[in-house]
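Undergrad: So the chains spell out like this:
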Amino acid sequence: MNDWPYSVVLLIPAASQAAGNQIAAGIGHGPFNFSVALSENGSEPATWYGCRSQAQQSFIDLLTAVGEGQLPSIEGMNPREIGAALMQLQADVAIEDGYTHFERVIAERGLMRVEPEQETE
Amino acid sequence: MGLLYLMGESAFNPRTLFSNNEQGLWLDPSQMATMYQDSNGVTPCTAAGDPVGLILDQSRGGLGAQGAELVTNGGFTSDVSGWTNVGSGTFVWSSGSGLFTRTTFTDNASQSLSTTSGRFYLISFNVVSGSNARVAFNTSATVGSVIAENVGVGTYSRIVQATSTTMYIVLSASANVAIEYDNISIREVPGNHAYQTTSASRPTLARIPSSGRRNLLTRTEEFDNAAWTKTSSTVTAGVSDPNGGSTAWTLTATGASGLVRQSISGLSGSLSNSIWIRRRTGTGVVRFYTGAASSTQQMQSVITSDWQRLSTTPGTATGTGDQFGVICETSGDAVDIWRPQLETGSTATNYQKVAATTDVTESGVSDLWHLVFDGSDDSLVTNAVDFSATDEMTVIAGVRKLSDAASGMVAELSATASSNAGSFNFLSPRANGEASLAFTLNGGSALNLRSYTGLAAPRTDVISATLDTTAADSAAAIAVRLNGAPTTGTEVVTAASTGNFGSHVLNIGRRNQASIPFNGHIYQLIIRGKTTPTGKLLEAERFVARKTGVSF
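Same order as they appear, the protein sequences are chains A and B. Positions 0 to 120 (numbering that gives the first Met the number 0) are the ones given, in order, by the first sequence. Positions 0 to 551 (numbering that gives the first Met the number 0) are the ones given, in order, by the second sequence.
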């Protein structure tokens, strides 16, 4: 039995990216989790940031608890700041190939990746 | 002859590529003991599906070639000499252990160590008694950079980077209690290890059989999983199977047309579906989905109370919602089912267990272990690898590219090769929507870029590149071999260049941990700061091919 059965896509508005990353780091997931820049047409500036990961049941439980209003305690952030950021968070959980999952979720929300110029120099 | 050939191939060890202290790295996901789920080496990888936060470079031998012991008197044989008691607590010898007692937060017992910044060290220790041990690996004799918090009796290990030339091992406690420590050890783990501190960006460890994945279903031994749709039915585990185990399931119709099935889109051509089945109760109609949309075939005339592996007449996929599964039409009827398989072609082949897309196995067939990069945000990075003494590089990789939709960065020395002198990158594909791969080489004085087209995804290859930053043009600078044979490619940018490689981080799976995510698998990655003679290169390519499931 795979301990990491779930694919999780998380999206947060660009204005809340720093807070989202601070929260993720505060619960032990390291820095800069929301790293994929997204916008409606794939052009700068990014309006959303996303990430995708395999997840254990414990992380799904955490997302469920957040959805029910139970906020994690984060050093350096007050509950108001944490709540404001997490209210903006969009989460999608699936048992699906990671690439397909991420692409589906951003497409459903009308978003595209913001990518640099191609390697042609 | 054949035996000798096989012996020669299996005897090759990529470590020999580094026997003269050539700079570089060798990442080998088939060695489970070299990988950890986190970047601090706390939780080892133990199974397919685990995230990989740290993979140890094997070019220098990894854990098997640890450096000298840095800790003085870590065994507390007769006293606590070599350790400094800091603060108002106490640190005393106690029957072969060091007994630390804390009175305030800042109390600790510590020892300074001579380290190399950026290198990785295996730190191990025992907690002999107490339940609130706290250990730090810090740049000062204070309780910062904690590597273990609130741990009790046990043996612990961490793989941690030094951030200074002088580090301190700091023994303390999470509360005002007494803790007995023993067997404190710190030794360098040599190599250019790749890691990912961000949880969401860790690639996934995976395996497929060397025969390749054929079974298109998922969760093939978990009919209760959400991957299987159950309608008017129940599924029960623990049923005796044809092998004498208890891994079969019972499907019981609780209403008319009770069923269990999976629906798959994107298939084409003829589909063979098979399943082991026997009747448990009832006499009603039993149907199999044929794999062509929702069409079914009656099978009750051939199903008996004995186990049989049965297949329908092959169906032709429609590409949208093609179904596989079993239907019991009469409420109360039950069949036992085991080992379902849906595959392309018209013949059922040996069963493959699909526990997850990252964990596919086949009895009697070797596993091909690899790292899955999700094409979204997965990547690894090393600390700076100092290639500044050389203008030569060999890159050998076993890679599966899953899509050509978007440009993918397999590996890149520095943040961006085109703007950092003495660096390179390996793209697959080079550009969005292009069936290609490419190498870029920045010698400092000029840039060279060659593209290799006609390589449509999905495909698995052993790719090697010999790079030379002192070269007359791109053909001289970049020589690529595909599956053991030279391939010329196309010149995109060409110039005479000079200069050596530099000391840069190596990004794997994304540019600078931020963009151009690679959508695919890496089975092996060898980067050597020297050109490699053709015979030796072919040996290395064959080694990588065997680990990648490629033949040539």
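Hints may contain errors.
20 angstroms max Cα-Cα, derived EDC-like pairs, lysine to aspartate or glutamate [to be verified]:
id, chain 1, residue 1, chain 2, residue 2
1, B, K352, B, D467
2, B, K352, A, E80
3, B, K352, B, E328
4, B, K229, B, E391
5, B, K529, B, D335
6, B, K535, B, E328
7, B, K535, B, E221
8, B, K352, A, E114
9, B, K229, A, E95
10, B, K529, B, E21
11, B, K529, B, E433
12, B, K352, A, E43
Simulated from the structure, these hints should not be mistaken for lab results. In this text the structure is predicted, and so the values were computed from the model without any measurement.
Undergrad: Now tell me, hint by hint, if it's right for this structure.
TA: Hints, verified against the model:
| no. | hint | in the structure |
| --- | --- | --- |
| 1 | B:K352 x B:D467 | violated, 45 angstroms |
| 2 | B:K352 x A:E80 | violated, 47 angstroms |
| 3 | B:K352 x B:E328 | violated, 27 angstroms |
| 4 | B:K229 x B:E391 | violated, 59 angstroms |
| 5 | B:K529 x B:D335 | violated, 60 angstroms |
| 6 | B:K535 x B:E328 | violated, 63 angstroms |
| 7 | B:K535 x B:E221 | violated, 46 angstroms |
| 8 | B:K352 x A:E114 | violated, 38 angstroms |
| 9 | B:K229 x A:E95 | holds, 18 angstroms |
| 10 | B:K529 x B:E21 | holds, 7 angstroms |
| 11 | B:K529 x B:E433 | violated, 30 angstroms |
| 12 | B:K352 x A:E43 | violated, 44 angstroms |
Violated hints, in rising order: 1, 2, 3, 4, 5, 6, 7, 8, 11, 12; the structure is consistent with all others.
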